[in-house]
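Visitor: Protein chains in written order, with the working numbering: chain Y, 38 to 444; chain E, -7 to 438.
Because the hints were derived from the structure by calculation, they are not lab data. Please read all numbers here as calculations on a predicted model, not as lab measurements. Just to be clear, a hint being listed does not mean it is correct.
Unchecked claim - Derived contacts from chain E toward chain Y, CB cut-off under 7 Å, selection only:
#1 Cys27
#2 Tyr28
#3 Arg89
#4 Ile222
#5 Val225
#6 Leu433
As the list claims (entries may be wrong) - So the derived list for chain E, only partly shown, Cβ under 7 Å to chain Y, looks like this:
#7 Leu90
#8 Met113
#9 Ile114
Claimed, not checked - A few chain E positions that, by computed beta-carbon distances, are all more than 10 Å from chain Y:
#10 His26
#11 Pro31
#12 Ala35
#13 Arg47
#14 Ser215
#15 Arg216
#16 Thr219
#17 Gly246
#18 Arg351
#19 Ala352
#20 Leu366
#21 Thr383
#22 Gln436
Backbone N, C-alpha and C define an ideal beta-carbon position, used for all residues, glycine too.
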Amino acid sequence: MKGVGLGVEFCGLRFKNPFILAASPSTDSKEMIARGFEAGWAGAVLKTTSVESEEVSIAYPIMASLEPGSRMVGLHNIDLISERHIETVALDVIWLKQRFPDHRLAMSVVASTREEWAYLIQRAEKVGADLVELSISCPQGSMLEDEETADGWMISQEARLTEKVTRWAKEAATHIPIYVKLSPTVTDIAAIARAVERGGGDGICAIDSVEGVVGIDPGSLSPLPSVQGYSSRGGYTGRAIKPIALRCVADIASAVHIPISGVGGIYEWRDALEFLLLGATTVQVCTAVLHRGFRIIDDLCDGLARWLVRRGYANLGEIVGLSLQRLKEHDDLPHGVMVASQIDHDRCIGCGSCYVACRDGGHEAIDFGVDRIPIVDEILCVGCGLCAQICPVPDCVSIEAVVTSAT
Amino acid sequence: MNNFVQPLVLKNQGNPRLLVDRSQALFEARRCLHCYEAPCSQACPTHIDVSRFIRRLGEENFEGSYQILVDSNPFPAICGLICPTSDLCEGACVLHRLGQSPIRIGALQYFVASNFQQPEMIEELRSPGQVAIIGGGPSGLSCAVALRRFGHIVHLFERASTLGGLIDQVIPSFRLPHQVVNQELGHLGQLGIDFHLGKEINGQGAGRLLQEYDALFLGIGLSRYITLSIPGVELPGVMSALDFLRQARLFTRGEVPRPALGQCVVVLGGGNVAFDAAMVVKRLGAGRVIVLYRRTMEEMPAWRSEYLEASSLGVEFRWLSTVKAIRGREGRVQAVEVQPMRLTSVQTDGRRGVEPDPRASSYELLCDGVFLALGQALDEALARALGLSTTAAGMIFVNPATFQTDQPQIFAGGDAVNGGATVVHAIAQGMVAGRAIHHWLANQRR
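When you get a sec, could you build the whole thing from the sequences and use the hints?
Guide: Shown next, in the form of structure tokens:
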């Protein structure tokens, strides 16, 4: 799209568009990242790595999902960090930066001690990585022993540890920007974000995968994915976690002044737009790439650019955070406007789904006779909107303000 | 025995209904909208709870899904294959109105029923009724199943040496493979019905059954063929389409030699029997098959799906055509003389009448075989002996809610009542009658 800029700035660095490949199997080889860059991705976070002494032993299979297939709800993994350690990944960075000097490369690192953190960050800086992402929130790792309580914590679940690790990293770095990836499974993500800011972090990435158990095979009784009849808690990603991610990004954007890279369930340009509108300046994509491949970048950019043109924006920076002010406390919502369900009887196919939903989960406000035409009782209907969500027909049910005729 | 031609009908043609495997079935099940008081269930003569069987299928509760099917219809695999679903459940599917193809209910039903058959549980009654059933076709068998599920004692009398009636003897095997019939009819063995095969019941015998049993159900079908009184109808090469279908069925089972086929067969009639016979003779190798029907496509009683299928097989049609005479040579059919017809006003049965078209002259159509599919009529002897009233159309008169005749002890269903509909209609009537008999028996004892 001509005449509109998708370029953005994050942690003081220019990105040609806001789309970054998240740390994942997609970014665990230089050849794959090279293909991603050639396809049009502006940046990539190499799969998380650590020091040579860190043992990484992955038990396969690592993938399972809710509703496998084309309309997958969410993908789940019990993957670990890269089996390739810092020195190998560093060689990839050198190789990639030679070939793609204008693309942005972040190294995602995790460590157990201050010395290790420092070493990893210095290596990243030395080999020419553009940024470092601190991986302190992966459900399968990112543990640190609290010196005071001697408990093992996922770092990003503890504000004090988050601040400490961020500060260690910043002190080790001379110029490379450090941003921190946060977990959604915390009581108050704003508090953790403030800890990153206090520690000197240059930015925040949210959210990491959501720790979960994706399902159990009723035959073997094994949780999924089944590794010889057993599994472990894993990281849930994809479409299902987008609402959680959006809320977290909004919370963080309201709490801190450092930039945010939004991640969690972005499949198409409209998803990305939502993250930007709630305050993210870049977005990261993993599951959709695992699902559909690097090629989706064209559609992400095209959809976003056309929307900007349609709405009269010249560049992406203008829209960051625009919806944030519309996310209010419930008490501050406009109360008292009467709304009710309106059913387009020309579109209605007579399935009766709205009737059942309203009868058993709404306000018994829809009548459904032998003619199979649902009729809304405007007195009983409060406009809860359940029917509009249940209806299988696009644009058939809407929630409209009730127009009371003057008597 | 080995010189019999292999049943090429099944082998080469397969089944016309596109079937589903497990993963396809699960995928298809997820498309269902689970309508309230679903139109598909309402369109099903046996009122299968389609939404529920599909929901259980989608949840991989296959046995539970099968239970839903047999609760309403004891022959779900057979119906899954042969029901004219595009005119029944699938035709009613609301997805049509979303511009989508309907849920493939027939294929899903066949998948569940053919793979997940479950044993029947019968609770015996302390003082069961004794019911006699005449006729082992779809309605009689269904009535027997319904009564056995209530725990009554059921004796079923069938003239033929096998059960099933049309299911077993007439329906073409390309549509309904023998093994499906065997599996589902074989399932009846565990129900504890007393079958009396090869036992024809005449008027006198039926009277005796009335004395010995608490109630009687007639599922006697239509055994009298309607024929034509035209010159040449007695020629070899002229036969009833039903008899041809019977022979073809036996042939594909390897029980009789290949039926003698003409190179060019004319089929007279516009019902499903005419279309089935036309398709089977075409599949068995007849060069040319022409269906003559005296009205138009609009009036024909055959299911639209049958017509489309026959057309795609290359069967030809001539509307507004009847046969005035059959010409023979050296004792064989050589041609039919076709009389063009024209439509007249609407008759009492709601269809338009026909009369010979005075502007068109008759012509000869060369052929060496003629199948008559002009419909069947009730053999009234039994009904008369039992003192039953019949309708204007010559069928047994019943209360449509209970299938009770005007003799309270006698119930009837199937083709002998409805004049010849589908297997699923006969099944539905047998089931309703069975329940009605149960309630009637209970009331009698009060």
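Visitor: Isoleucine 114/E was flagged as interface toward chain Y. Is the shortest Cβ-Cβ separation under 7 Å?
Guide: Violated, about 30 Å.
Visitor: Can we confirm that no CB of chain Y comes within 10 Å of the CB of glutamine 436/E?
Guide: holds (35 Å)
Visitor: Beyond 10 Å from every chain Y Cβ: check whether that's true for serine 215/E.
Guide: Non-interface label stands for serine 215/E: nearest chain Y Cβ at 39 Å, farther than 10 Å.
Visitor: Evaluate the condition: distance from the CB of arginine 351/E to the nearest CB of chain Y exceeds 10 Å.
Guide: Since the minimum Cβ distance to chain Y is about 46 Å, arginine 351/E lies beyond 10 Å and the statement holds.
Visitor: Hint validation: cysteine 27/E versus chain Y, beta carbon distance must be below 7 Å. Holds or violated?
Guide: holds (4 Å)
Visitor: Quick check on tyrosine 28/E please, does its C-beta sit within 7 Å of some C-beta on chain Y?
Guide: Check passed: Cβ of tyrosine 28/E comes within 3 Å of chain Y, closer than 7 Å.
Visitor: Alanine 352/E clear of chain Y by more than 10 Å, beta carbon to beta carbon?
Guide: holds (46 Å)
Visitor: With a cut-off of 7 Å on the beta carbons, see whether arginine 89/E makes it to chain Y.
Guide: holds (4 Å)
Visitor: Against chain Y, does threonine 219/E keep a CB gap of more than 10 Å to every residue?
Guide: Its Cβ never comes within 10 Å of chain Y, the nearest being 44 Å, so this holds.
Visitor: May I ask you to check that alanine 35/E keeps its beta-carbon over 10 Å from the closest beta-carbon of chain Y?
Guide: holds (13 Å)
Visitor: Is it the case that arginine 47/E keeps its Cβ farther than 10 Å from each residue Cβ in chain Y?
Guide: holds (13 Å)
Visitor: Would you check whether the claim that arginine 216/E is not at the interface survives, using Cβ distances to chain Y and the 10 Å cut-off?
Guide: Per Cβ check, arginine 216/E is outside 10 Å of chain Y; nearest 40 Å; holds.
In this structure, the hints that do not hold are numbers 4, 5, 6, 8, 9, 10 and 11, in rising order.
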